[in-house]
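Engineer: My request is simple: use the sequences and hints to build the entire structure.
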Amino acid sequence: MNPVNYLYLASLLFTIGAAGVLIRRNAIVVFMCVELMLNACNLALVTFSRMHGNLDGQIIAFFTMVVAAAEVVVGLAIIVSLFRSRHSASVDDASLMKL
Amino acid sequence: MENLIALLVAAPLLGAAVLLCGGRRLDRIGHWLGTVLAAGSFLIGAVLFVDMIGKGADDRALHQKLFSWVPVESFQADIAFQLDQLSMTFVLLITGVGTLIHVYSIGYMEHDERRRRFFGYLNLFLAAMLLLVLADNYLLLYFGWEGVGLASYLLIGFWQHKPSAATAAKKAFLVNRVGDIGLSIAIMLMFTTFGTFAFGPVLEATGDTGEGKLTAIGLMLLLAACGKSAQVPLQSWLGDAMEGPTPVSALIHAATMVTAGVYLIVRSGAIFDAAPTAQLVVTVVGAVTLLFGAIVGCAKDDIKKALAGSTMSQIGYMILAAGLGPIGYAFAIMHLVTHGFFKAGLFLGAGSVMHGMNDEVDMRKYGGLRKYMPVTFITFGLGYLALIGFPGLSGFFSKDKIIEAAFAAGGTQGWILGAATLLGAGLTAFYMTRVMLMTFFGEKRWQPDADGNEPHPHESPSSMTIPMIVLAFGSVFAGGFFGIGDRFVNWLEPVTKFEHPHPPISIPVITGATIAVLLLGVAAAYLQYGRKPIPVVAPRGSLLTRAARRDLLQDDFNHVVLVRGGEHLTRSLVYLDHKGVDGVVNGTAAAVGGLSGRLRKLQNGYARSYAVSMFGGTAILIAATLLMRAV
Amino acid sequence: MSTVSVHSLWTTLAADTPPGGGLKFQAPTIEYAQLSPILIIVGAAVLAVLVEAFVPRKGRYYAQLFLSVVAIAAAFAAIVGLAASGFGTTKAHIAAMGAIAVDGPALFLQGTILLASLVAVFTFAERKLDPEAHGNRVDSFAADAAAVPGSDAEKAAVKAGFTTTEVFPLALFAIAGLLAFPAANDLLTLFIALEVFSLPLYLLCAVARRKRLMSQEAAVKYFLLGAFSSAFLLFGIALIYGYAGSVSYAKIADVVDGTTQQISPALAGTMGNDALLLIGMALILMGLLFKVGAVPFHMWTPDVYQGAPTPVTGFMAAATKVAAFGALLRLLYVVLPGLTWDWRPVMWGVAIVTMLGGAIVAITQTDIKRLLAYSSIAHGGFILAGVIAATPDGISSVLFYLLAYSFVTIGAFAVVTLVRDAGGEATHLSKWAGLGRRSPLVAAVFAVFLLAFAGIPLTSGFAGKFAVFKAAAEGGAGVLVVVGVLSSAVAAFFYIRVIVLMFFSEPKADGPTVAVPSVLTTTAIGVGVAVTLVLGVAPQYFLDLANQAGIFVR
Amino acid sequence: MSFPLLTATAVLPAAGAILTAAVPAARRTAAKWLALLFSLGTLVLAAVVLVRFEPNGDRYQLTESHTWIKDFGVHYELGVDGIGVALIALTALLIPFVIVAGWKDADPLETKDNKRWRPTQGFFALILMVEAMVIISFEATDVFLFYIFFEAMLIPMYFLIGGFGDRAHSGTDEAAATQRSYAAVKFLLYNLVGGLIMLAAVIGLYTVTGTFSLSEIAELRANGGLEMSTNVERLLFLGFFFAFAVKAPLWPLHTWLPNAMGEATAPVAVLITAVVDKVGTFAMLRFCLQLFPEASKWATPAILVLALISIVYGALLAVGQRDIKRLVAYASISHFGFIILGIFAMTSQGQSGATLYMVNHGISTAALMLVAGFLISRRGSRLIADYGGVQKVAPVLAGTFLIGGLATLSLPGLAPFVSEFLVLVGVFAAYPVVGIIATSGIVLAALYVLVLYQRTMTGPVKAEVSGMKDLKARELTVVVPLIVLLIGLGVFPKPLTDIVNPAVTHTMHDVNKQDPKPEVEAAK
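Residue numbers (UniProt numbering), protein chains in the order written: chain A, 1 to 99; chain B, 1 to 631; chain C, 1 to 554; chain D, 1 to 524.
Just so you know, the hints here were simulated from the structure itself, not pulled from any lab data.
This structure is a prediction, so every number in the text was calculated from the model and none was measured.
A virtual CB, placed ideally from N, CA and C, is assigned to each residue, including glycine.
A portion of the hints provided could be inaccurate.
[Said to hold, decoys possible] Subject to a maximum C-alpha distance of 27 Å in a straight line, what follows is the list of computed DSS-like cross-link-like pairs (lysine-lysine):
1. K162/B / K462/D
2. K601/B / K211/C
3. K532/B / K371/B
4. K211/C / K98/A
5. K469/D / K162/B
6. K497/B / K55/B
7. K494/D / K517/D
8. K508/C / K98/A
9. K65/B / K494/D
10. K497/B / K65/B
11. K211/C / K159/C
12. K365/B / K532/B
13. K162/B / K392/D
14. K65/B / K55/B
15. K392/D / K472/D
16. K517/D / K297/D
17. K98/A / K601/B
18. K128/C / K508/C
19. K392/D / K469/D
[Claimed, not checked] Simulated restraints on C-beta separations:
20. A8/D / G59/C: 56 to 62 Å
21. T67/D / A530/C: 21 to 27 Å
22. G526/C / T29/D: 30 to 36 Å
Structural biologist: See the structure below:
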């Protein structure tokens with residue numbers, strides 16, 4: 001099967017993730033969408049790695065997972081503290097600062 | 001000898017400096033100091049005069065260069081003096097009459113606490129006037145020209161607390177400035193044409209350039225002359241200038257400063273000779289003014305304004321004469337000198353009358369004063385006779401010559417000018433007789449003024465009468481002395497050139513006509529003012545009378561067109577500057593501010609909308625990149 | 001170079017499978033000495049974590065402060081050492097098997113970052129501004145960031161005199177990332193470095209002592225948007241990798257220029273597909289422009305700058321910009337010179353809208369921190385103008401500008417921390433009215449910084465602006481210069497507005513007080529002023545430095 | 001190397017500024033004397049410059065040259081030609097008078113100022129700082145060096161205008177404060193925008209020449225190493241000229257001046273119009289003509305028209321003003337019109353006249369404005385309508401005011417006449433029509449001066465004026481020397497022209513123009 005299809009899938013996932021970021025209110029969900037985008041990237045990387053027959057892509061994918069994990073740690077910490085002080089995880093409620 | 005020339009100017013200048021900076025401690029001796037310095041200047045003049053007549057006719061001119069004034073490349077202006085017969089004539093007139101008027105003022109200004117400053121200004125005037133007539137180039141002449149303007153401004157407005165005086169002073173200065181435009185443009189033209197503006201080189205080089213240039217220069221000079229000598233259309237200031245103390249009117253606005261215009265034209269004779277068109281315009285201006293002044297003079301009830309009208313008219317004669325070229329120059333100057341004597345005398349007389357009448361100027365409130373102030377009456381009377389050109393007195397000789405010259409102008413021009421001068425002579429006789437009658441004859445018409453104190457007419461102190469007497473002598477004999485045997489003409493001839501006028505009709509006829517017209521004028525005046533009593537309140541009078549009272553509406557015209565118009569213009573410009581020029585800038589600023597406010601709204605605090613902008617931005621970025629490659 | 005070392009660090013193992021089969025393991029070669037600056041900071045950061053764990057609370061603050069200062073100083077010394085031994089110029093090369101570049105720009109920027117960080121750490125450690133809480137001197141960080149604002153837990157923490165000394169290790173990690181960012185010589189290192197400095201910054205934003213809600217909000221926004229952008233960056237990396245079959249800058253550049261030697265059929269296939277390349281480039285650019293804060297990727301800046309603890313804001317504004325522009329330069333000059341005609345027009349657009357947008361929106365700001373945020377955006381635009389010049393002059397001018405700018409920024413924010421009222425820092429502009437009368441000195445210092453921002457001659461701001469505009473003009477971007485000049489005119493307006501406010505308007509009765517800082521903040525501000533004036537009056541030495549440093553190794 | 005005289009002339013006031021600023025709050029008077037001392041010291045140095053300067057020597061003398069910022073091609077190059085010397089002398093001469101005149105203007109109001117606030121020290125320090133910057137920009141022979149101080153000058157001026165407003169104002173203190181800061185901001189923004197546009201041109205110049213040193217550029221031009229396409233030259237010229245026209249100020253960029261002069265104290269107003277603005281016109285002569293001769297000629301017609309508008313427009317608006325200081329401001333706009341006219345007439349009379357005009361206008365405006373300031377400080381109002389009959393109660397004040405006014409309307413015998421007539425002749429020689437129109441300015445000048453004098457000084461004494469004191473000793477020490485100068489330079493300007501003429505010859509050579517020959521000679 002032509003590896004290019006995997007790329008299409010990856011871009012599809014990426015777009016879905018991005019769209020999610022734009023339309024969802026709940027901070028957690030938004031964050032999950034970002035994770036989805038990262039994974040889309042991983043897919044693309046792995047595909048290319050396969051196409052080129054070298055391992056760089058796959059290695060990067062591993063790093064990406066680590067990074068994603070780290071982001072989860074930091075991100076959840078921040079989001080939770082926000083949630084606890086506002087009793088809401090909606091990104092739209094957090095709009096004290098504007099203009 | 002020539003080193004004395006600078007002293008002529010220096011003496012009164014010193015006086016002015018000392019008196020104006022000296023402060024109160026000089027109050028007691030100030031007027032004496034001023035008078036002495038004026039007299040000193042006169043003496044120096046006399047010495048130079050004696051020296052001059054000692055020499056042969058053609059090497060009488062003296063020249064003194066002090067230092068280089070404004071040297072820039074080819075533009076070289078010096079502070080340098082030139083004393084020739086023409087200048088000498090003026091020097092003597094200015095310092096002579098000037099000294100007399102200083103003396104007169106000692107008495108006249110006795111009760112004014114600012115007398116010291118008055119004398120300071122008078123000295124300043126003398127210095128400037130002498131500078132004017134002694135300058136050897138037009139720029140230095142301009143210096144003196146504006147200097148006398150300043151002095152006249154200060155003296156007209158001497159009683160500054162009177163708004164009318166302050167306004168009159170300002171008006172005089174402004175109108176003169178308009179004339180000055182002419183002078184400065186004339187100088188520029190000379191510079192660009194001849195590369196110099198010193199009398200000698202310019203007047204010799206007139207042949208090297210076209211008539212057009214010379215006409216332009218001539219007309220510009222004429223404009224200047226009109227300003228200074230109160231000729232139509234710039235005459236309007238002279239009447240108001242009578243707000244100044246009477247000695248000032250006598251010295252500046254009768255005898256000397258106002259004649260500077262004549263000096264300018266005569267001095268520039270060579271230019272006018274080469275520019276007939278300019279000459280024609282000069283004669284026209286002269287003719288118009290002499291009639292204008294005479295008509296105005298007939299209508300005024302204010303004695304000084306009546307005399308002012310007369311001054312205007314007489315200067316009209318001089319200008320006309322000057323416009324006639326070599327046949328007229330000498331007579332113009334001659335009339336100028338004689339006029340200096342009798343008109344100064346008349347003004348001093350008027351001043352003496354006012355002095356006795358609590359500064360009343362309205363002739364309708366005089367009447368029968370001959371009994372109360374005989375000296376004034378006699379001197380004034382002699383001046384009167386001289387002015388109207390009574391045979392044998394000064395005016396007769398000088399004015400008659402001008403009339404002859406006018407006829408001699410040739411062709412229709414000659415006839416018209418001659419007629420104008422004749423008519424003028426008649427009018428002169430009329431209004432001067434009117435003045436005489438209303439002032440010294442008839443019943444006494446003065447009443448107690450508002451606060452009940454009735455004027456007690458009395459003769460003035462000797463310090464005032466003596467100058468009047470001296471001037472009266474001049475008025476009587478000067479003309480004959482100059483006129484008989486063409487003494488004066490020959491004296492000036494080296495400077496101004498001279499041709500004998502050849503009028504189309506014989507001289508005796510003209511003289512006869514002049515005398516006839518004169519008598520007519522006197523008779524007419526007598527019928528109107530000598531026979532029937534004079535109403536204290538002026539009758540409404542004919543349209544012409546009313547117009548003449550208002551200076552033939554010329555002032556009203558100025559007011560409506562220039563003053564009002566100017567006010568509107570400035571006001572609208574102020575508005576435009578604020579709303580227009582400034583508005584554009586402020587508008588732009590406001591626009592940017594508004595834009596900022598609107599863009600600011602995009603920053604709405606919602607993380608998701610920020611994400612949208614990022615996403616959109618990225619999309620554009622990608623699209624643009626691909627597009628770049630595509631095209 | 002041996003075929004081995006051209007392979008990127010990450011794939012040594014897999015790369016060469018000799019024809020005979022059977023694996024030959026080869027250890028990667030790492031030039032530790034040349035990486036020492038980064039390594040020192042990382043080590044210090046790890047050590048700092050241990051300090052947090054084991055040193056008793058009383059001593060922590062001092063231990064941490066000492067540790068970070070020493071570490072940063074040491075790292076800087078290392079940089080100087082490297083530069084002195086010619087790594088900036090002649091011996092410039094790529095260390096760690098292609099992962100990290102050790103060359104002029106890298107060293108210059110790392111040096112700048114370290115100096116800025118040092119000053120910033122001083123402001124972090126300032127403990128005399130806030131009134132003492134229960135007899136404990138406190139800094140601008142929450143007693144217990146985990147506790148809910150206003151909760152009993154927080155009160156208890158305050159009472160107990162807790163302080164968030166974790167900021168020091170966090171800062172150190174961030175610095176490590178920042179150091180690696182401009183030096184990264186392959187896309188993966190780029191990405192990792194980005195994350196390494198971003199994540200700690202997200203946290204640092206969240207731990208303000210006062211106005212905690214805003215602080216947390218800032219953190220959330222920064223985090224979400226940051227993650228969002230880094231996802232784009234990563235996708236871009238993926239595409240470029242797909243195009244070139246490698247992530248190492250050098251090899252990508254070769255492929256882009258078409259000068260690469262061995263072309264595998266797969267590579268031949270992807271090389272043809274420029275869409276991959278262009279889209280990838282656009283995405284990576286976007287990721288970097290986000291960090292730079294260029295319009296339209298700037299919108300996080302005002303909110304985050306306002307919400308974050310002011311010392312952190314200063315640190316971010318200065319150090320992040322330096323690092324991000326460093327990375328941007330390297331990317332454009334090393335990887336994509338072959339694409340200049342593709343990225344230039346786009347960057348033109350970005351630069352123009354950034355300059356104008358930042359300046360115009362700033363006019364109507366009412367909060368000093370937001371004002372500075374927008375001004376930093378506008379300055380980003382100016383620097384972009386230098387970047388676009390695409391000449392060696394452009395590089396050095398940008399380096400110089402960054403040096404000048406970072407110190408002014410930190411100084412300015414340090415001054416902001418001084419002006420306080422009951423609610424903490426009084427950042428609303430109306431509060432600053434008449435400051436010049438209350439405390440002329442502080443106002444004067446701030447005025448100096450504002451004038452530098454406005455680019456008035458004899459300040460570093462002018463020298464920098466002149467340098468970049470000159471480079472841009474010579475690089476044929478005259479239009480950018482004109483736009484830049486116009487927007488500086490607009491910008492001048494609001495800087496002046498603040499000066500007017502401070503000096504010409506009557507002080508308010510309930511106006512803020514100016515806290516007397518400890519030696520730490522004083523040093524920070526003092527250094528700021530000193531650098532501003534020195535770079536303004538006698539910039540030649542630093543310009544020379546920037547010039548020598550102006551060449552990228554490939 | 002020899003003693004850096006020019007540097008010293010600029011450094012001395014700067015040092016004075018720093019010292020004055022450092023004087024503790026309580027020792028106010030000490031600060032004043034210190035400032036005065038330094039300004040006098042500067043005057044001495046300026047005098048030395050004047051003596052050491054050889055009118056017919058090299059074009060630039062007392063030169064100093066060091067590279068400053070190699071990368072930007074910037075040199076620390078100083079040197080003076082006749083024009084520079086004259087203006088330096090003017091500056092150094094006026095500042096002491098400004099200081100003495102402003103002796104009491106900056107005493108703090110005990111009511112609301114606290115102990116740390118030291119307005120007096122600041123005021124005098126700023127004045128000295130301005131002096132230093134102005135002097136160095138007259139000395140700079142490096143475009144960039146000039147530009148830096150041309151711009152930096154704005155900051156102290158800005159604080160002088162905005163920080164130390166005229167205490168005689170109508171309305172509340174608040175309103176006055178807002179008006180003042182409006183004026184200050186307007187001043188700064190106008191000039192800053194001008195400066196920034198010039199910056200673009202400066203950078204452009206560098207890309208063409210690669211250096212900023214006038215001498216090096218002249219060299220390039222001489223050996224044809226300078227290729228500047230016509231359009232580039234024109235653009236650069238416009239960039240420079242715009243900045244100078246804002247500073248000068250030329251219609252329609254003038255509107256900042258009335259606000260600034262109206263709101264500032266009289267001495268500061270003098271500083272603006274008599275000293276700082278001269279940098280603009282000076283720069284037109286020094287930089288526009290020298291760097292872009294062709295473009296200057298190309299732009300001449302337009303500039304002449306603008307200058308004419310300035311002359312007439314400024315005068316007419318002066319007539320329409322109700323505020324004494326604003327009136328003087330508009331009068332200055334009219335006069336700057338004459339200066340610019342003279343510069344771009346490109347005849348030696350015009351340019352010498354323009355240079356003299358800068359000096360004379362400085363002195364005459366100083367005289368008029370300072371006396372006006374004394375008058376205003378007595379009555380506490382700037383409105384003409386609030387005065388009347390002053391000459392009766394304060395004759396000396398009125399007299400000096402009149403002399404200042406007469407100088408402003410350039411009466412022969414006072415310095416401005418010489419320069420104005422030279423300008424007119426110079427313009428007339430090259431562009432007769434323009435010359436004639438410009439001449440009408442002399443009537444308008446008489447109009448606004450005399451109207452001002454009549455309304456304030458003459459007429460019946462107003463009640464509020466009746467108690468007015470005449471000039472005090474301190475005020476006389478300011479006014480009398482100025483008047484003496486006006487008369488002296490009016491009657492014997494030769495020393496000045498001797499210094500200026502050679503410099504003008506050089507400028508004429510730069511634009512390779514000859515004076516039009518007189519018609520008579522041309523005919524032969």
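Engineer: A separate judgement is required for each hint: does it hold in the structure or not?
Structural biologist: A quick look at each hint next to the structure:
Under the criterion of a C-alpha separation no larger than 27 Å, the hint pairing K162/B with K462/D is consistent with the structure, at around 13 Å. A threshold of 27 Å between alpha carbons decides the hint, and for K601/B with K211/C the separation of about 23 Å falls inside it, so the pair holds. Using a Cα cut-off of 27 Å, the hinted pair K532/B and K371/B holds, with the two alpha carbons roughly 20 Å apart. Restraint check for K211/C and K98/A: satisfied, since their Cα atoms lie roughly 15 Å apart, inside the 27 Å limit.
Among the hinted pairs, K469/D with K162/B is consistent with the structure: their alpha-carbon atoms are about 22 Å apart, no more than 27 Å. Distance check on the hinted pair: K497/B and K55/B sit about 19 Å apart at the alpha-carbon level, within 27 Å; holds. A C-alpha spacing of about 23 Å is found between K494/D and K517/D, which places the hinted pair at or below 27 Å, so the restraint holds. Proximity of K508/C to K98/A is assessed by CA-CA distance (about 26 Å); at most 27 Å being required, the pair is judged to hold.
Distance hint between K65/B and K494/D is fulfilled; the C-alpha atoms sit about 15 Å from each other, no more than 27 Å. For the hint pairing K497/B with K65/B, the CA-to-CA distance comes to about 26 Å; that is within 27 Å, so the pair holds. Distance check on the hinted pair: K211/C and K159/C sit about 18 Å apart at the alpha-carbon level, within 27 Å; holds. Between K365/B and K532/B, the direct Cα distance comes to roughly 15 Å. Compliance with the 27 Å bound is thereby established for this hinted pair.
Restraint check for K162/B and K392/D: the C-alpha separation of about 11 Å stays at or below 27 Å, so the hint holds. Distance restraint check for K65/B and K55/B: the Cα-Cα separation of roughly 21 Å lies within the 27 Å cut-off, and the hinted pair is therefore satisfied. Pair hint K392/D plus K472/D holds up; C-alpha atoms about 17 Å apart against a cutoff of 27 Å. For the hint pairing K517/D with K297/D, the CA-to-CA distance comes to about 19 Å; that is within 27 Å, so the pair holds.
Pair hint K98/A plus K601/B holds up; C-alpha atoms about 8 Å apart against a cutoff of 27 Å. Among the hinted pairs, K128/C with K508/C is consistent with the structure: their alpha-carbon atoms are about 25 Å apart, no more than 27 Å. For a cut-off of 27 Å, the pair hint linking K392/D to K469/D stands: about 11 Å separates their Cα positions. Restraint check, A8/D to G59/C: a C-beta distance of roughly 57 Å satisfies the suggested window 56 to 62 Å.
In this structure, T67/D and A530/C meet the distance hint of 21 to 27 Å, their C-beta atoms being roughly 23 Å apart. At roughly 33 Å, the beta carbons of G526/C and T29/D sit within the given window of 30 to 36 Å.
Hint violations for this structure: none, all hints satisfied.
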